[in-house]
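Produce the complete structure using the sequences and hints provided.
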Amino acid sequence: MIQLAPGDAVFMFVGESGASPEFEAEIRKRLGLDKSVLEQLILYIKGVLTGDLGKSFVMNESVSKIIWDRAIPTIILMLSSIGFGTFFGIIIGVYAATKPYSLRDNISMIVALFLYSLPNFWLGQMLIIVFSVNWGILPVSGMESMILGEKNFMLDRLTHLLLPTITLGSTLGAFVMRFVRASMIEALGQDYIITAKSKGLSDRKIFFKHALKNALLPVITYIGLRLGYMLSGAVVIESVFGWPGLGLLMLDALFERDYPLIMGLFIVISLSVTIITFVVDILYTYLDPRIRLK
Amino acid sequence: MNNSKLLKIENLRMYIDTYEGVVKAVDGVDLNINHGEIVGIVGESGSGKSLTSRTILKLLPEGGKIISGKIQFKNIDLLSLKEKELRNIRGSKISFIFQNPSTFLNPVLKIGDQIAENILLHQNIKKEKIQEIIINSLLDVGLRNPKNIIKSYPHQLSGGMQQRVMIAMAISCKPDLIIADECTTALDVTTQLQILDLLKKISKKTNTAILLITHNLAVVSYLCSKVYVMHNGKTIESADSKELFNNPKENYTKSLLNSSKQKINDKDEKKLNENTLIEINNINKEFILPGSKKLLRAVKNVSLKLSEGEIFGIAGESGSGKTTVANLLMGLTELSSGKIIFLDKEIYKFMKDDRKLFRKNIQMVFQDPYGSLNPRKTIGETLSLVFNIHFDLNQNDIKKKVLDLLKMVELSPPEMFFDRHPHELSGGQQQRVAIARAISTSPKLIITDEAVASLDMSIRAEILKLLKKINFETNVTMIMISHDLSILKNMCKRIAIMYLGEIVEIGNKNEIFNNPKHDYTKKLISATLEIPS
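The listed protein sequences derive, respectively, from chains U and R. Read in order, the letters of the first sequence are residues 1 to 294 in the numbering used here. Read in order, the letters of the second sequence are residues 1001 to 1533 in the numbering used here.
Hints listed in this document are in silico derivations from the structure and should not be mistaken for laboratory results. Any given hint might turn out to be false.
[Said to hold, decoys possible] In silico DSBU-like cross-links for lysine-lysine, where the CA-CA straight-line distance does not exceed 30 Å: (1) 1300(R) <-> 1493(R); (2) 213(U) <-> 1493(R); (3) 213(U) <-> 1082(R); (4) 1300(R) <-> 213(U); (5) 99(U) <-> 1110(R).
Here is the structure:
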């Protein structure tokens, strides 16, 4: 599929000025591009099944090693975004659900609508303009700065992490907000809430002990499902913020027609989404006693 | 027994603001309860009995407002209390037991935690001692093995056990008053009796007053010393239990009593011909339980023979296999072994040869009428569909047939019902439509599966009358499946009692009621509560 797209790896290799046909042919052979697409595919699948994702054209290093090195920043970004989005999503969602159709509910829902309608890359750029360019309190891009570097390692990383996290997490947060609200309102209409009230529990206890635990169950599945979207969002966010993760790597690989790297990234990303979904399902059985495995 | 006043309600009114206007849910209730007394409120659904009980502790529905009235509990004026002060009374001085324990218990919290919550909130007790108190209250409500129950979740217990847990929760703080809202309605008859006896025992032992809310007059007569009758949000009559049943004053009370007794004329009992319609020969049905390799034998060696025009009853508790038998007869699940012969043909062969004819001849009426009607189709469309499938008629003839059907099930004027949607009809009317659908193909056999279980007493009596009339006029054979022996007693000539998948006793109803042979039948009959007449 990628090979159908215009552009050629060899052309990227030799550069604008061009090279002699013999040299081009030699490179083609070295990269394995002289064989037919089908042959290449069969060879590649053989490699994948034995755990070998091939070698990057451009970086001349094994694809698995490259991906592994760049995965950690992405994992950090994902985790912090999920944490950020879930935390604020739940808090605001619960807050909105305490009084459905009230002022606070309407405002929260308008904010949510606004947040998930905003394109990620635009929000990212706006945040950069405000916090980094105008106020100059947060770094513009990257993961570490040259000057602060070693001294304030944690602080440095955190300040770099802040803006991408907000950007990527806000969409998730907006979805979680709406989901938690709907789920809470449903839980609050259940019979066991009347039981809890008849016991004389305070509203706060009813909310957090009886309703929230039930309401969070579908939210967890939902967040698991959103991870796929978030990974694709990470591609954009990482390029906006120059975050050295898988997303940026993918973008570079695409521009350079680095076929093995692109394929490797696709495989690793789809595999991890599958695994995460599976883990969420397992997690669910621990949280909901009704479907606990025997 | 201390005979002083515990709760006194005067002229209570609670209205609910809804989009469609004000609903006068509670509209003039007067009520007195003494210490240690068991008092009943009876009324049909929508009479405001549950809302009255919740208004006592200001557990109001959304939009609910107390308009007037006075509620005196001991020396406290409950309506003047602030929310925080009310919370101190809820669960400690006055506690609730609700109808459906499976939805009223929180599914994700352990039983022990749910009971402990109540105790921790109202009593100053160290955490170590709590376990002991919980275990004792679970033992008090007759649950064996309380240590395991504390650690389980609600879904791991049976309905009866869940209701016992609810009661344990309610008595854990030694309240003065327990409000039991339809607390046995969702339970089997034998379990119902156990729970009622338990309430009686608790009330006697601890001098706790109980306010029992129910639509079931038999339950009231069994348990209560004093009864209030509610209708349209008002208490219209109150009397000592015996007095009320022997000498009701209000017309509404009289009609309620009459319909509850479900007396149906036996005079028009017709003679049955001897033609066998359906013969069930030693059928078995086994299921493999999901998640384990265990085999569940839902139906064991059941044999039956029904004559044309007979009304036959199958009684049993939930899980006894009665519905599985119905599904097997309908050909909805496959037999594990045995044979069913319907109209001289083996049913699977019948279905294979002529599925249309088979379906035309066996029809079913289900428990939940709303769930069995397509909500998007008008009544006319639903009923016409049957004629489109089974008969070759033009549109005008079909409409005429449908109107005839509606007339037959006493929905008048039929033209009006023709264009209505199911949600515009009451439960009783919906069930009439479901019956009309069942008889529209002029079947040979109609199976009713708990067809009146979800209906109010007065409507229930009307539907049963209608079924009897249809049986009389069309000579259709009926199999009535019910957990309620009193219904079958009035409707059927022969009854089979099912227990754990087997027919333990079968025979003429008089024989079964007067001289039950099997132990289970005896138990079932003694657990069936009746209104004294």
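**Study point:** Enumerated hints in conflict with the structure, sorted upward
**Key:** 2, 4
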